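> Now for the letters of each chain:
Protein chains: 2
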Amino acid sequence: MAENEKQGVTRRDLLETGIKVATVGGLTGMACRAGVVGGGALAAAAATLPATASAAGKADVPPGQLDEYYGFWSGGHSGEVRVLGLPSMRELMRIPVFNRESATGWGLTNESQKILSEGLTPETKEYLKKQGKVTYDHGDTHHPRMSYTAGSYDGRYLFINDKANTRIARIRLDIMKTDKVLEIPNAHAIHGLRLQRHPKTGYVFCNSEMRLPIPNTPETMKDPTKYSGLFSAVDAETMKVAWQVLVSGNLDNNDADYQGKYVASSCYNSEEGFTTAEMTASPTDHAVFFNIAAIEAAVKDGKAKMINGVPVVDGRKDAKSPFTRYIPVANSPHGCNATPDGKYVVLNGKLSPTVTVIEWAKLDELFAGKITEKDCIVANPEIGLGPLHTTFDGRGNGYTSVFLDSQIVKWNIEDAIKQYKGDKVNPIRQKLDVHYQVGHTNASNAESKDADGKWLVALCKFSKDRFLNVGPLKPENDQLIDISGDEMKLVHDGPTFAEPHDAIIVHKSKVKPVEVYNMNDPIFAGLHAQAKADGLVLGKDSKVVRDGKKVRVYMLSHAPTFSMTDFTVKLGDEVTVIVTNVDEVVDLTHGFTMINHNVCFEVGPQASASATFRADRPGVSYYYCQWFCHALHMEMQGRMFVEA
Amino acid sequence: MAENEKQGVTRRDLLETGIKVATVGGLTGMACRAGVVGGGALAAAAATLPATASAAGKADVPPGQLDEYYGFWSGGHSGEVRVLGLPSMRELMRIPVFNRESATGWGLTNESQKILSEGLTPETKEYLKKQGKVTYDHGDTHHPRMSYTAGSYDGRYLFINDKANTRIARIRLDIMKTDKVLEIPNAHAIHGLRLQRHPKTGYVFCNSEMRLPIPNTPETMKDPTKYSGLFSAVDAETMKVAWQVLVSGNLDNNDADYQGKYVASSCYNSEEGFTTAEMTASPTDHAVFFNIAAIEAAVKDGKAKMINGVPVVDGRKDAKSPFTRYIPVANSPHGCNATPDGKYVVLNGKLSPTVTVIEWAKLDELFAGKITEKDCIVANPEIGLGPLHTTFDGRGNGYTSVFLDSQIVKWNIEDAIKQYKGDKVNPIRQKLDVHYQVGHTNASNAESKDADGKWLVALCKFSKDRFLNVGPLKPENDQLIDISGDEMKLVHDGPTFAEPHDAIIVHKSKVKPVEVYNMNDPIFAGLHAQAKADGLVLGKDSKVVRDGKKVRVYMLSHAPTFSMTDFTVKLGDEVTVIVTNVDEVVDLTHGFTMINHNVCFEVGPQASASATFRADRPGVSYYYCQWFCHALHMEMQGRMFVEA
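Sequence order for the protein chains is A and B.
So the first sequence is numbered by my numbering: it starts at 291 and just counts up by one.
So the second sequence is numbered by my numbering: it starts at 291 and just counts up by one.
These aren't lab readings, by the way, just hints derived from the structure by calculation.
Bear in mind that the values here come from a model prediction, so they are computed numbers and not experimental data.
You may find that some hints are simply not true.
The list makes no distinction among identical chains, and a pair is therefore deemed to hold if it is satisfied within one copy or across any two copies.
To be verified - Listed next, the in silico PhoX-like pairs over lysine-lysine satisfying Cα-Cα at most 20 Å (straight line):
{"no.": "1", "residue 1": "K711", "residue 2": "K607"}
{"no.": "2", "residue 1": "K420", "residue 2": "K840"}
{"no.": "3", "residue 1": "K419", "residue 2": "K404"}
{"no.": "4", "residue 1": "K860", "residue 2": "K420"}
{"no.": "5", "residue 1": "K779", "residue 2": "K419"}
{"no.": "6", "residue 1": "K822", "residue 2": "K744"}
{"no.": "7", "residue 1": "K664", "residue 2": "K798"}
{"no.": "8", "residue 1": "K512", "residue 2": "K860"}
{"no.": "9", "residue 1": "K420", "residue 2": "K839"}
{"no.": "10", "residue 1": "K404", "residue 2": "K420"}
{"no.": "11", "residue 1": "K610", "residue 2": "K595"}
{"no.": "12", "residue 1": "K739", "residue 2": "K490"}
{"no.": "13", "residue 1": "K419", "residue 2": "K830"}
Pulled out of the complex, with its shape left as it was, chain A reads as follows (with noise of 0.2 Å):
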């Protein structure tokens, strides 16, 4: 009673923040709404477990039966991506990125560090070296993407941001493994992150979220007039920055169309401004259209400046440039999002109760300048209280997130614009309450020409009574809705940990991952070089190879066995172990561990993996298999031995 009665009282509370903010942002009527609308609604929640339009039982896929969907998850602050299956909501596999994983040795073997470490700029390799590191031990993923050819899902990459240290990632879908990290130069937190569309996914598109001044120096931090927004192009293949553009602005979300021409982005603080309330003053705020073909030709003309290794154009607002338009939307919009027709881009207005549809077919006279930025804009329906992120089914509805509502809002395109142009007509369709807090949502194939609109999941940030209470921290909830009809239907709540920030949903016929590795994947090159170095080959030969204080061990594992069951060593010796797997059955991971030395990897078969250490510890010290191989599993290890 009292444990309810104070949950009631929070969620008000929470709503009252929220109208007490927006009012010193001068959105009186959007205050008074949030009163009566959302807090109505979320004070109604409190007091009895809310009626849900559920069908229970559909989401479910029985035991034996596959998922018809892949679901691409950021795992937020987690630092990694989860690939989930659809409709059953079960995660399937972590794939580390920007963390330190214990299980697989991500960020502790040879190979995973070199994939860390390389794209990093120098000052940072620098500044982690002080600290005795090669790379971070955290990320903040936001936006996974996969890679298109002509519009469609292709399988070959995801793409993921992170905000927390200014990179971004790319994930190998054929052996589901991130294969290459890079940082931003002249960036500050990543947040945004998009993919060209046509004719493939040649640039992977960020955003800045931070403006930084540049040079970032003591004399020039304190001076508003030097900070900048920044846009980014990264060669998809490369992984190498392509070229940079300044803006006015913090950008936001961002989204590319279906011709390879021009990339949308949402852009909060036109005001530029460093604090809540001055980066809220403003009643509007504008999103950045970037004209690929323009910046392209400056680059290529050497009209760039190079800063840091990077040629940056200049597309400020003021600077009137043939690189970029400014088009005015309400104040801080969020959410950026092409419709799968290739006709449209929708901005979320986060503190306007409405989103701004524009047509990127007007794009072409507004950049020759023969029409204004107002004429681009082709609706602007009235959504709900803090619109964030839309999302489509392929028939020509919109399914908006609606975070102060807890609502997903289904609305019409057409109608919308129709709605515009003077019609009356109401282009909301439906309005689902979500719980509670919705920020991303996505349906399924909506990113690609492919959409589909069967399922929809709402990613909401707070899930408080929905689950057994698992203490201070809760879980968020990731909703999954049937879209399939004309009614949508909520049929799963899902607890995920900190933070699903968003994700896609791709059919699983765009996915062909790999069962077994290939010994001469290029990953293991540098592996298979060391070995014919040390006069051996990788994947045969078992062999203890000093080279001064150095040693390499090569073993292999073969279930349930290492081919070694011992080693020695001299006390103070770097060792290398390097583990090939050499078993070919499908699920057979094996893994190294040697105990007390903070070594543990996984080795899938026909993989190779290495770490490295130092061995510090005299007398005998154990390794052991710690995946799970065999009836002998137990068994499946061997002692090192350190030698005075």
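The hints should help you fit chain B onto chain A, whose structure is shown.
Frame of chain A, contents of chain B only:
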């Protein structure tokens, strides 16, 4: 097609490897049966997805409804503990324990580093310091167990082992956070871990899996006669080792009785060999039984030898001590499971198709020399190929996981006892296929006297093709089985990341976590004291305190702002940021991330946390709240200015 063919072949390969090794071990009879029964079953499974006794939908918990049970899951070598809801099998929370966790800052914050480091031995602290570390980055958890009062779960603590780095940890279940970590001196790889049940959990019983020479030096490390197994009892409140016992063989799993008198441990490698062939040579091994009162008396009387600060008594087989008894069981026993009626403990054969049932009540006479070891055995039913663990329904039945046959086998305990006495009765009730290669199994409340026989989980080590392919690394498969009726029914396949070694299922009435932190909790005492010494009140004041080259930044978080929009330090300062979250709202967690500084941590409602870093980057760096808190969450940021 080719893929399917490969899977068929590889499954047979896996089994054949098993056969070869078993043959080496001399168990020809078992190997033959494996070739017929196990191999046939697996080959059939490869051809088509097996028909399962599925009652799909029963595990589904509709949106807005709560689960009935908590599941506390080992995260295996992910180093974490997972909290699940049952029967939905949804992961509600991850509790970082032995790992470095990106989102929460576990392993980064000063508070977590203190917990992770203060229980390490001086040698380990020194070893890690040489690597620039204060603790390990990974762990290998196996056996989560909840504290008891009078044989019932009491919801106070959860304990778990780390096999990789010879540690145990305690989790406070009121806040679901790790509060103590202890390295066990003299031991090597803590594996089996179970708790005293009566009168309450005073001791945590820990098995050193690896046998180690004592002392462990270059002089002793190759002398087999110096090696010994080791059993430890840790005080559950102080988290200090109370006493240790030298034993013969490699200790595996253990379990305690319901009277507080005895502990049993399975033991493999009674041969005391070092290779798989040596370790499995003998057809019998043993279970070791420890007499707690006898050991306590010896320690009290000063009869124990102090080794590295711990009193150690000699309980090896040859010592014929009052501390231990060695009861012979078939080759390589694995699981060790006390029945919830308090009468028996079951040793599971692993390399024998049988389980051995031993009656606790016989141990008084055994220790008194009145009966022989074999007299304590009351049943020895044949279960199937590779019995690993047994759990119970509180209605007199055991459920044994059988690894090679991939089955859960239900059998009746009293019928097995009758059969052992010579009655012609078959104790086997049902054999249910699981997919594939099951390790641990556990039923609801089954490890307490409140076993209620509703749900059982089978933690299957291989999932192979049971889920959408996610590359060479597959999830495990935690299957949920309804055992409430006469017949077991498989209702859910649950994919899980590496590697839920073991789990317990606890009725929700037994666990009462808090919703919001108490700011006076002892875990914040250090921060309160530091604030007081710095002339301010934690949670009230914001202040930058300079102390030579050390700077302490006291900051408050209150959605959607930090109490400081900026602060200034000097290049090279050692900066400690202390964030106190003054929000009192349930589920309103904030975070603090300092961009490009490897700093990111969680601050729950009414909690406080800190991290220390060097200000080695001149110019401006932003900090932000990474835990979604409010519609203006993205604006919750500030700037650190680093002066030259």
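> Decide, hint by hint, whether the structure agrees.
Structure-based check of all given hints:
For the identical chains of this complex, K711 and K607 are neighbours neither inside a copy (29 Å) nor across copies (92 Å), given an alpha-carbon limit of 20 Å. In the homo-oligomer, the alpha carbons of K420 and K840 lie at most 20 Å apart only across protomers (17 Å), although the nearest pairing inside one protomer, at 24 Å, exceeds that limit. Taking the shortest alpha-carbon separations for K419 and K404, only the intra-copy value of 14 Å comes in at or below 20 Å, while the best inter-copy value is 23 Å. Within a single copy, K860 and K420 get their C-alpha atoms only as close as 28 Å, which misses the 20 Å cut-off; across copies the closest is 17 Å, which meets it.
Neither within a single protomer nor between protomers do K779 and K419 lie at most 20 Å apart by alpha-carbon distance, with minima of 52 Å and 56 Å respectively. In this homomeric assembly, K822 and K744 never come within 20 Å of each other (Cα to Cα): the closest approach is 52 Å inside a single copy and 58 Å across copies. Proximity of K664 to K798 under the C-alpha cut-off of 20 Å is found in neither arrangement, the shortest distances being 41 Å within a copy and 57 Å between copies. In the homo-oligomer, the alpha carbons of K512 and K860 lie at most 20 Å apart only across protomers (14 Å), although the nearest pairing inside one protomer, at 54 Å, exceeds that limit.
Taking the shortest alpha-carbon separations for K420 and K839, only the inter-copy value of 17 Å comes in at or below 20 Å, while the best intra-copy value is 24 Å. Within a single copy, K404 and K420 get their C-alpha atoms as close as 18 Å, which meets the 20 Å cut-off; across copies the closest is 22 Å, which misses it. Proximity of K610 to K595 under the C-alpha cut-off of 20 Å is restricted to the intra-copy arrangement: shortest distance 17 Å within a copy versus 83 Å between copies. Only within a single protomer do K739 and K490 lie at most 20 Å apart by alpha-carbon distance; the minimum there is 13 Å, versus 62 Å between protomers.
For the identical chains of this complex, K419 and K830 are neighbours neither inside a copy (36 Å) nor across copies (37 Å), given an alpha-carbon limit of 20 Å.
Checked against the numbered hints above, the structure breaks hints 1, 5, 6, 7 and 13 and satisfies the rest.
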